[in-house]
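Visitor: What follows is each chain in one-letter form.
Protein chains: 2
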Amino acid sequence: MTTQVKDFYTAVKERRTIYTLSKESPVADERIQEVVEHAVKHTPTAFNSQGARAVVLLNDHHDKLWNMTTETLKEIVPGDKFESTQERMDGFKNAYGTVLFFEDMSIVEGLQEQMPVFADNFPLWAQQSNGMLQYVIWTSLEQEGFGASLQHYNPLIDEKVKSEWNIPDSWKLIAQMPFGKPAAPAGEKDFQPVESRVQIHK
Amino acid sequence: MTTQVKDFYTAVKERRTIYTLSKESPVADERIQEVVEHAVKHTPTAFNSQGARAVVLLNDHHDKLWNMTTETLKEIVPGDKFESTQERMDGFKNAYGTVLFFEDMSIVEGLQEQMPVFADNFPLWAQQSNGMLQYVIWTSLEQEGFGASLQHYNPLIDEKVKSEWNIPDSWKLIAQMPFGKPAAPAGEKDFQPVESRVQIHK
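Chains as they are written, first to last, in this note's numbering: chain U, 4 to 205; chain Y, 4 to 205.
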């Protein structure tokens with residue numbers, strides 16, 4: 004889609020959580036839409052059920068999301084701990100946009116009715132597939148010069164989000180990904196010994 | 004890591020489910036181990052908890068997995084429907100190897116004790132993160148010239164797998180990915196209109 008894109012392994016290696024983001028974009032908004040649509044189209048889903056959904060919020064919509072999240076947290080976080088919460092929320096709000104990830108639960112329920120033998124599995128496979136989509140969009144945004152992180156203020160904000168952006172009732176909010184131009188590099192990352200995580204039998 | 008690797012977007016677009024696989028490998032077994040370890044190392048996990056696990060089965064180990072899966076299914080699939088099951092199992096057995104995906108539930112439980120406010124979320128985030136790892140390994144294997152598909156015979160085979168390969172008790176089996184040299188192209192894939200899956204508010 005563009006020419007400055009990394010090879011697959013480099014993209015995997017260099018994808019990181021970036022918290023310090025600015026309200027700038029290295030690309031046109033149409034390009035953001037294009038890479039999100041590309042990810043949604045090509046990321047696999049159980050039985051090609053295509054239940055994953057993405058909602059991109061930019062400009063006032065992005066600010067509104069983090070304002071409503073801040074207000075929601077203010078109601079439940081003790082007053083003496085709210086300062087650090089406010090700082091975190093200001094950080095996300097200072098980014099360029101946010102991708103909201105959903106699963107359309109009507110798709111999951113349809114699969115459960117069609118194939119009752121896998122009824123317990125479909126909700127788990129939807130979570131796995133949604134994780135794949137989060138990963139592909141995260142890494143895609145990085146190809147475009149953005150940094151991003153993955154946040155989870157669901158289910159606290161679900162009702163407000165659905166009402167503000169007229170989201171279908173069957174869409175369940177799974178994650179929020181603020182993104183913007185990186186204003187500071189990723190932090191250090193610890194790795195456990197890979198031998199404790201991978202076995203090979205040959 | 005190699006030079007014939009696709010750019011990120013092309014890798015995303017071209018990753019497909021490949022069922023017809025041969026018992027050949029385009030690369031050395033050490034290279035398979037290397038790309039699996041690279042994926043496990045760099046795929047993100049909630050709070051960098053690194054609970055995802057991968058076990059690669061090659062040669063007799065791979066054959067044994069599909070023999071034991073076939074035997075397990077023979078006990079529960081009605082006799083008149085077993086022929087198609089046997090054919091499916093023979094297809095997987097005819098591949099070069101299998102990656103087993105696990106989550107170490109002791110990591111999830113540790114997080115639940117440390118951060119009880121997110122206790123209900125950690126198992127879901129582990130599923131999402133495991134999905135990310137499945138995706139990265141799937142797409143990595145394709146960079147090396149393999150085809151792969153994602154299968155789920157858990158929990159039916161969990162106990163036999165754990166006992167055969169001495170898997171720690173706390174590792175929960177999530178998915179199985181048979182891979183081999185593609186012997187037939189991917190099938191047709193239907194795509195829903197992307198407008199029904201992605202919204203942008205700007």
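Do not rely on the hints blindly, as some may be mistaken.
Which copy is meant is left open, because identical chains are indistinguishable; a pair holds if it fits in one copy or across any two.
[To be verified] Below, simulated DSS-like cross-link-like pairs (lysine-lysine); rule was C-alpha separation at most 25 Å, straight line: (1) Lys44 / Lys16; (2) Lys96 / Lys205; (3) Lys26 / Lys67; (4) Lys165 / Lys192; (5) Lys165 / Lys9; (6) Lys84 / Lys205; (7) Lys205 / Lys163; (8) Lys44 / Lys77; (9) Lys192 / Lys44; (10) Lys67 / Lys165; (11) Lys26 / Lys205; (12) Lys84 / Lys184; (13) Lys192 / Lys77; (14) Lys205 / Lys9; (15) Lys192 / Lys16; (16) Lys165 / Lys205; (17) Lys44 / Lys9; (18) Lys16 / Lys77; (19) Lys77 / Lys26; (20) Lys16 / Lys67; (21) Lys67 / Lys192; (22) Lys44 / Lys96; (23) Lys16 / Lys96; (24) Lys26 / Lys44; (25) Lys96 / Lys84; (26) Lys163 / Lys184; (27) Lys165 / Lys84.
Treat the hints as calculated values from the structure; they're not laboratory data.
Note that the structure is predicted; figures quoted are calculated from it, not measured.
Visitor: Indicate, hint by hint, whether the structure satisfies it.
Guide: These are the hints, each one checked on the structure:
In this assembly of identical chains, the alpha carbons of Lys44 and Lys16 lie at most 25 Å apart whether taken from the same copy (23 Å) or from different copies (9 Å). For a Cα distance limit of 25 Å, the shortest separation of Lys96 from Lys205 across copies, 15 Å, qualifies, whereas the shortest one inside one copy, 50 Å, does not. Taking the shortest alpha-carbon separations for Lys26 and Lys67, only the intra-copy value of 14 Å comes in at or below 25 Å, while the best inter-copy value is 54 Å. Proximity of Lys165 and Lys192 under a CA criterion of 25 Å is satisfied in neither setting, with 35 Å inside one chain copy and 31 Å between copies.
Within a single copy, Lys165 and Lys9 get their C-alpha atoms no closer than 36 Å, and across copies no closer than 38 Å, so neither meets the 25 Å cut-off. Taking CA atoms no more than 25 Å apart as the test, Lys84 paired with Lys205 passes in neither setting, with 53 Å inside one copy and 33 Å between copies. In this assembly of identical chains, Lys205 and Lys163 lie within 25 Å of each other by CA distance solely across copies; the values are 18 Å between and 53 Å within a copy. In this assembly of identical chains, Lys44 and Lys77 lie within 25 Å of each other by CA distance neither inside one copy nor across copies; the values are 37 Å within and 37 Å between.
In the homo-oligomer, the alpha carbons of Lys192 and Lys44 lie at most 25 Å apart only across protomers (11 Å), although the nearest pairing inside one protomer, at 31 Å, exceeds that limit. Within a single copy, Lys67 and Lys165 get their C-alpha atoms as close as 13 Å, which meets the 25 Å cut-off; across copies the closest is 49 Å, which misses it. In this assembly of identical chains, Lys26 and Lys205 lie within 25 Å of each other by CA distance solely across copies; the values are 14 Å between and 51 Å within a copy. Taking CA atoms no more than 25 Å apart as the test, Lys84 paired with Lys184 passes in neither setting, with 28 Å inside one copy and 56 Å between copies.
Taking the shortest alpha-carbon separations for Lys192 and Lys77, neither the intra-copy value of 31 Å nor the inter-copy value of 46 Å comes in at or below 25 Å. Within a single copy, Lys205 and Lys9 get their C-alpha atoms no closer than 32 Å, and across copies no closer than 28 Å, so neither meets the 25 Å cut-off. Within a single copy, Lys192 and Lys16 get their C-alpha atoms as close as 12 Å, which meets the 25 Å cut-off; across copies the closest is 29 Å, which misses it. In this homomeric assembly, Lys165 and Lys205 come within 25 Å of each other (Cα to Cα) only across copies, at 17 Å, whereas the closest approach inside a single copy is 51 Å.
Taking the closest pair of Cα atoms, Lys44 and Lys9 come within 25 Å of each other both inside a single copy (20 Å) and across two copies (18 Å). Taking identical chains as interchangeable, the C-alpha atoms of Lys16 and Lys77 are never at most 25 Å apart, the minima being 37 Å within one chain and 42 Å between chains. In this homomeric assembly, Lys77 and Lys26 come within 25 Å of each other (Cα to Cα) only inside a single copy, at 24 Å, whereas the closest approach across copies is 59 Å. In this assembly of identical chains, the alpha carbons of Lys16 and Lys67 never lie at most 25 Å apart, being 33 Å within a copy and 33 Å across copies at closest.
In this homomeric assembly, Lys67 and Lys192 never come within 25 Å of each other (Cα to Cα): the closest approach is 32 Å inside a single copy and 38 Å across copies. For the homomeric pair Lys44 and Lys96, neither the shortest alpha-carbon distance inside one copy (28 Å) nor that between copies (30 Å) is at most 25 Å. Neither within a single protomer nor between protomers do Lys16 and Lys96 lie at most 25 Å apart by alpha-carbon distance, with minima of 27 Å and 32 Å respectively. In this assembly of identical chains, Lys26 and Lys44 lie within 25 Å of each other by CA distance neither inside one copy nor across copies; the values are 27 Å within and 31 Å between.
Taking the shortest alpha-carbon separations for Lys96 and Lys84, only the intra-copy value of 19 Å comes in at or below 25 Å, while the best inter-copy value is 56 Å. When the C-alpha separation of Lys163 and Lys184 is checked against a cutoff of 25 Å, the pair qualifies neither within a copy, at 27 Å, nor between copies, at 49 Å. Taking the shortest Cα distances, Lys165 and Lys84 never come within 25 Å of each other, neither inside one copy (28 Å) nor across copies (45 Å).
In this structure, the hints that do not hold are numbers 4, 5, 6, 8, 12, 13, 14, 18, 20, 21, 22, 23, 24, 26 and 27, in rising order.
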